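Asks: Dock chains B, C and D against the given chain A, drawing on the hints supplied.
Chains as they are written, first to last, in the UniProt record's numbering: chain A, 1 to 265; chain B, 1 to 265; chain C, 1 to 265; chain D, 1 to 265.
Incorrect hints may have been included.
Same chains, same names: a pair is fine if it fits in one copy or spans any two.
Claimed, not checked - Straight-line alpha carbon distances no greater than 20 Å define the calculated SDA-like cross-link-like pairs of lysine to any residue that follow:
| no. | residue 1 | residue 2 |
| --- | --- | --- |
| 1 | Lys-213 | Met-128 |
| 2 | Lys-177 | Met-123 |
| 3 | Lys-62 | Glu-106 |
| 4 | Lys-254 | Leu-147 |
| 5 | Lys-23 | Val-191 |
| 6 | Lys-180 | Ser-74 |
| 7 | Lys-62 | Lys-80 |
| 8 | Lys-213 | Asn-172 |
| 9 | Lys-152 | Tyr-24 |
| 10 | Lys-152 | Lys-265 |
Because the hints were derived from the structure by calculation, they are not lab data.
A quick note: this is a predicted structure, and the numbers were derived from the prediction, not measured.
4 protein chains.
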Amino acid sequence: MVAPCQCSKSSSAVKAAANLEDKYLSDDPNHPANLICELCRLFYDNNWVTGTGGGISIRDTKGENPNLVYIAPSGIQKEKLQPWEMFVAELPDEKLLRTPNDCPPELTKSYKYKPSACTPLFMSCYSMRDAGACIHTHSQAAVMCTLLWEDKVEFEISHIEQIKALPRLKFNESTKKIEKVGSMDYFDKLVIPIIENTPHEEDLTDSLQEAIKNYPGTTAVLVRRHGIYVWGEDVWKAKVYNEAIDYLLELAVKMKQSGIPTVRK
Amino acid sequence: MVAPCQCSKSSSAVKAAANLEDKYLSDDPNHPANLICELCRLFYDNNWVTGTGGGISIRDTKGENPNLVYIAPSGIQKEKLQPWEMFVAELPDEKLLRTPNDCPPELTKSYKYKPSACTPLFMSCYSMRDAGACIHTHSQAAVMCTLLWEDKVEFEISHIEQIKALPRLKFNESTKKIEKVGSMDYFDKLVIPIIENTPHEEDLTDSLQEAIKNYPGTTAVLVRRHGIYVWGEDVWKAKVYNEAIDYLLELAVKMKQSGIPTVRK
Amino acid sequence: MVAPCQCSKSSSAVKAAANLEDKYLSDDPNHPANLICELCRLFYDNNWVTGTGGGISIRDTKGENPNLVYIAPSGIQKEKLQPWEMFVAELPDEKLLRTPNDCPPELTKSYKYKPSACTPLFMSCYSMRDAGACIHTHSQAAVMCTLLWEDKVEFEISHIEQIKALPRLKFNESTKKIEKVGSMDYFDKLVIPIIENTPHEEDLTDSLQEAIKNYPGTTAVLVRRHGIYVWGEDVWKAKVYNEAIDYLLELAVKMKQSGIPTVRK
Amino acid sequence: MVAPCQCSKSSSAVKAAANLEDKYLSDDPNHPANLICELCRLFYDNNWVTGTGGGISIRDTKGENPNLVYIAPSGIQKEKLQPWEMFVAELPDEKLLRTPNDCPPELTKSYKYKPSACTPLFMSCYSMRDAGACIHTHSQAAVMCTLLWEDKVEFEISHIEQIKALPRLKFNESTKKIEKVGSMDYFDKLVIPIIENTPHEEDLTDSLQEAIKNYPGTTAVLVRRHGIYVWGEDVWKAKVYNEAIDYLLELAVKMKQSGIPTVRK
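Chain A extracted, bound-state conformation:
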């Protein structure tokens, strides 16, 4: 999948945003509303969010108010998202500060936007892990791993160099938070919990929270027959962790198909 070049479209969208004089929009390409659009195009090209699947949310960790959370809308073609289509909520009470439904009808064309169905799951990552961004994809490698190990509740892999891109997480007794204390080692075993899918995305919240609690070392949760949630300290860490994990999941599928165990004794 290669999304059409958005060079010119993006800049005109940015201008339209400027005209809106909307304090939740910006010309800065690193603004959360703009980054969500850029990353969704990238994820679409990777076949991770085709068919309106998947989602992303970014907390404005570098902005004036680091409690602001930007959330992509539900059911929209991810590669065509525009910055003005974002929802904005404020932590910790998740008060909705901005909805694209307040934009002029020339933009919304009277479409009624809803925040991503993943919103309560994103919020769990923010509240339980102090995440700076959370990515959800329908990656086929993720789905295949949950099918190839259908009787397991954990995906495991060890002794692959790419594991070193993932964070070593530890409970900090003084801050009472899970914090990054370095990177995983080559010989470490990466363990990602797999939770069972539910008919409604929001119903995943309880089991996702339980997995986050039970696996203090994980920065991701796989959802059987569905996809994966990955979070990180900021948007770029979340992106890098997601890439590294997807690389490992893709490799694990190939290893399984060739009869090579993913964990070396």
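Replies: Just chains B, C and D now, with coordinates in the frame of chain A:
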């Protein structure tokens, strides 16, 4: 496959179109003639319409006359299509209102254009399902599924999240039409009929119509050893359904190869 | 593989070419020297000509002198080719009319260009089949088919829709030439001869010519453990035939791996 | 993976670089600092350096001081690298002449850059083989080959045309150096040593140097469960060798999975 960037070419083509003062062409990137070109480039990059295979038709559902149907020409390289190369017909009697053969010879270079051989199949989707657009691809995942289940007349898959991107369709007693009443559920079984291929594309019409009649819940028909037809209420719905179905067909090939049943009991 | 965007580079190259006042170069994007560059970038993105592999030659069938043949140089990164780097020869005696070695040293940087090692093979397609263009790739699907059917001297496939993109060829008694008389049918068996590889590319000439002679219906020759040669009446036909054949070779590998015969009885 | 188009960003980065009046930066697209950025985007698109994996170093073989070596920083997203982020060291004593940490804080945002962990390995290629550039990727084909032949310390392949893209290397008695004396032949056996991975990348140095010493004919070393190092006389040769080797590794995985030996007796 990555079609060459058409940034500059497209805009000059749009200008050429404007010079034609042709009421079936427009500067608006969302005009059917322009969207057919954009989507064909995208489909080419997905290996769905290489070698002049596949086709697409869009009904101008948002235009002044929603009975106007735009149809790509037959046998042309899909990634190089230009807006002026479209045929336009009017429903319900399918009267041809525009042919690219009326364009100046500087453009046509005396090539004799013919409407896509899929035209009667597209028309079946318009007349029987009130579709807003119809997509036909030679997707290898689609062909492989018809080969891996060669003795079946239906492709089936259940319990995969991506199924939720597809529409729940139901016969409306008052309008006497099949209408979308929501989306499919995660645990629903998606069933797509498979019809046998024929030497001439137009000879598929009868069996396609029969499949549409017999499967009121489907928004797609697979053609054995050939590809797939997917339609939707408008062009973007058709695109999203096609992406979601292709994702599921690709996954089904992998599941079959790993001995995992596509339907969970 | 996605070659870096050449939008701006190409146009400056065209300008540089114009400055050269070279009658074998042109601003027209459809000029053979420009098309070779465009197609090589496309082929690179398809993994067909990476590592300087593969090659292409175009005859100027629409130009003033249709006997002029443009040939890409040997051993150059295909995705970085510039129009001024082409060789030009004239049929039938293959006299060399232009070599990039005559360009100013600012361009050549004193590199000594040689015409593609495929040149005698391209010439065979021109002389024996009156081809308008000839494409040579190291496609992995092509190599895999010659390995999966290592004991066969023909690749065969039938009853796949994409076969219809290929030409039906016949000997014309009056012109004494092999000519296109239509397209293949869905149920036709496509047969592509496989010749054995040789240490030096030019040593393939005899067996390629023999295959062309023995298979009057073919528009391509596979080379065992090496790749494929595909030609057509003009450059676009050659491109479309090559795409359609590669689609079929890719599908054939998948069919073989799933135990599905490529020819239906 | 398709990295976002950097057309406009690159040029502004080049301008920012110019403002820096930094003698290790240049407007010339062929300058090592610019080439590292261009190639990292290309490698990212090939899934070779996702998740900050991999690395590259280029020696300024065409510049005033051919002992200058440019090195990408450690742990940065490879597709987003900017020319000013490079380290520069001088051979043979590897004295660090430039660090991005000296750039203004508007650029560095106080991030503390470190040179790639591969630096001692790159330096081994420069000192032992007089290389002009060295590429390190986490290519899945490379990792899979080290897993599929887990009990072997060499990867072998013969009788594939693409082998001819690789150099024939020989010890020159008068210069006391390993030098390129031509290209490999089709029927030659390409042998690439496989070394075992270590927890820390720099600890690979000894075994990499031993492999380089023991395999005078190789231009690459595979690292088990990790990736590959490839070098060449200059940056373009290194790129071409890396592409050709990755093509062969990808093919070898397919051959192994189909039970076809990679070496023909």
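Asks: Indicate, hint by hint, whether the structure satisfies it.
Replies: Do the hints match the structure? See the list:
In this homomeric assembly, Lys-213 and Met-128 come within 20 Å of each other (Cα to Cα) only inside a single copy, at 8 Å, whereas the closest approach across copies is 51 Å. In this assembly of identical chains, Lys-177 and Met-123 lie within 20 Å of each other by CA distance solely inside one copy; the values are 16 Å within and 41 Å between copies. Proximity of Lys-62 and Glu-106 under a CA criterion of 20 Å is satisfied inter-copy only: 14 Å between copies versus 32 Å inside one chain copy. In this homomeric assembly, Lys-254 and Leu-147 come within 20 Å of each other (Cα to Cα) both inside a single copy, at 13 Å, and across copies, at 10 Å.
For the homomeric pair Lys-23 and Val-191, neither the shortest alpha-carbon distance inside one copy (41 Å) nor that between copies (47 Å) is at most 20 Å. Taking the shortest alpha-carbon separations for Lys-180 and Ser-74, only the inter-copy value of 18 Å comes in at or below 20 Å, while the best intra-copy value is 31 Å. For a Cα distance limit of 20 Å, the shortest separation of Lys-62 from Lys-80 across copies, 19 Å, qualifies, whereas the shortest one inside one copy, 25 Å, does not. In this assembly of identical chains, the alpha carbons of Lys-213 and Asn-172 lie at most 20 Å apart only when taken from the same copy (14 Å versus 48 Å across copies).
In this assembly of identical chains, the alpha carbons of Lys-152 and Tyr-24 never lie at most 20 Å apart, being 43 Å within a copy and 53 Å across copies at closest. For a Cα distance limit of 20 Å, the shortest separation of Lys-152 from Lys-265 qualifies both inside one copy, at 18 Å, and across copies, at 19 Å.
Hint violations for this structure: numbers 5 and 9, all remaining hints satisfied.
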